[in-house]
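Chemist: Here is what each chain is made of, one letter per residue.
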Amino acid sequence: MPQARATAPDYSEARAARGTRSTTSMRTLASWGLCLLLPALAAEADIGRVKSASGAASIERAGSLLPATPGQLLEQSDVLVTGPDGSLSVTFVDNTRFAAGANARVELARFRFDPTTHEGEFDTRVRRGSLAIISGQIAKHTPDAMRVHTPTSILGVRGTEFIVDVGP
Amino acid sequence: MKTPLLPVLLACLLAACAGERVILLPGSSGHTGAVAVLDGKGGDKALLDSPYASAALGAGSVKPRTLEAQAVEREYGTLIRALPPAPRVFVLQFEEGTTSLVPESLGRLQELLAEVAARPGAEVQVTGHTDRVGKLEDNDALSRQRADSVRQLLVERGLAAELVRAVGRGEREPLVPTDDEAAEPRNRRVEALVR
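If you read the sequences in order, they're chains F and A.
Going by our numbering, the first sequence opens with residue 1, and the numbers climb by one from there.
Going by our numbering, the second sequence opens with residue 169, and the numbers climb by one from there.
Bear in mind the hints are in silico, worked out from the structure with no lab data behind them.
Please read all numbers here as calculations on a predicted model, not as lab measurements.
We put the CB at the ideal spot given by N, CA and C, even for glycine.
A hint or two may mislead.
Stated by the list, open to error - Restricting the straight-line Cα-Cα distance to at most 27 Å, the calculated cross-link-like pairs of lysine-lysine (DSSO-like) are:
(1) F/Lys140 to A/Lys303
(2) A/Lys213 to A/Lys231
(3) A/Lys213 to F/Lys140
(4) F/Lys140 to A/Lys231
(5) F/Lys140 to A/Lys209
(6) A/Lys231 to A/Lys209
What the hints assert, rightly or not - Below, a sample of chain F positions facing chain A; criterion: calculated Cβ distance under 7 Å:
(7) Pro70
(8) Ser130
(9) Asp165
Stated by the list, open to error - Take a look, some chain A residues computed to stay more than 10 Å from chain F by CB distance:
(10) Lys231
(11) Ala239
(12) Arg242
(13) Phe258
(14) Gly275
(15) Glu279
(16) Glu283
(17) Arg325
(18) Gly326
Whenever a hint applies, use it, and build me the whole structure from the sequences.
Modeler: Shown next as structure tokens:
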């Protein structure tokens, strides 16, 4: 119903925004467009950020070991690795939060999230060590869309805070 | 001979502890959720849905039991406290028919920047919302425009562009629930999340 849409306050707000933009120069418009495009491209691969790291704490990516630092961006397939004195915490783009304890190896095997619909899929493999988890929007939107794999089992997350511990 | 059974049982229990286990925590928001041990055939082997419910994981059957809160604190207190803080939400509202924020929301913007500075490794997600007037796709686009305008404001105030992402959520998450096609100013908003 385009007619109804045109009389709605929401639409008039959108039209006002477009009006403002049409008065700006083409140069401004182009640079603004570029500004919008760059973070959009960068955002594709990013699944979260390191929030804290202490002791021996690294991110393994494509075979190389990067020292973990707060603010560091994470990608699908990254592995969180800590040593005997290490710990590492992460917040993902769906608001899921992780804390990995000492001697941990945690693979971020699959992460897919649509921030508009909140549909997604999140598979984590805890190979060893302990991991505290507070699930986010992926698990909230779709029960069991977030799964945590241990060497013997698969856990389906139904919106919650929990610990997975894989002993030596 | 029944006597050797106890040590054997104890050894099993200890082995289970040294193996794999899952422990459900009471949610920090006061709500305890649930975790299922899946059987791989579309069903649940076990369901943990009460505070401190725990299960040793393995190939066989899984029997949940409840742990003492103090025991969990002793073993995992440090790990739990290492979890990142919950993301903080700032709700921003617009002057009717404009892309300018109301004066109160401009003040919130300063608070938001202070929150970013206080959090190591912070980033900001700006999510636009609409009311339920119009088509879903149109509202997706409109909510994205709203988010983009707030993103610009934050970048103009000195926030690094790569730390802010703009997202449109359309009409899916109204602040005030309404019928479809209902106009509701409170739902025309942007939520900036610092995480």
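Chemist: Hint by hint, say whether it matches the structure.
Modeler: Against the structure, the hints:
| no. | hint | in the structure |
| --- | --- | --- |
| 1 | F/Lys140 to A/Lys303 | holds (25 Å) |
| 2 | A/Lys213 to A/Lys231 | holds (9 Å) |
| 3 | A/Lys213 to F/Lys140 | holds (21 Å) |
| 4 | F/Lys140 to A/Lys231 | holds (26 Å) |
| 5 | F/Lys140 to A/Lys209 | holds (22 Å) |
| 6 | A/Lys231 to A/Lys209 | holds (18 Å) |
| 7 | Pro70 | holds (4 Å) |
| 8 | Ser130 | holds (6 Å) |
| 9 | Asp165 | holds (5 Å) |
| 10 | Lys231 | holds (13 Å) |
| 11 | Ala239 | holds (12 Å) |
| 12 | Arg242 | holds (13 Å) |
| 13 | Phe258 | holds (15 Å) |
| 14 | Gly275 | holds (22 Å) |
| 15 | Glu279 | holds (20 Å) |
| 16 | Glu283 | holds (14 Å) |
| 17 | Arg325 | holds (15 Å) |
| 18 | Gly326 | holds (15 Å) |
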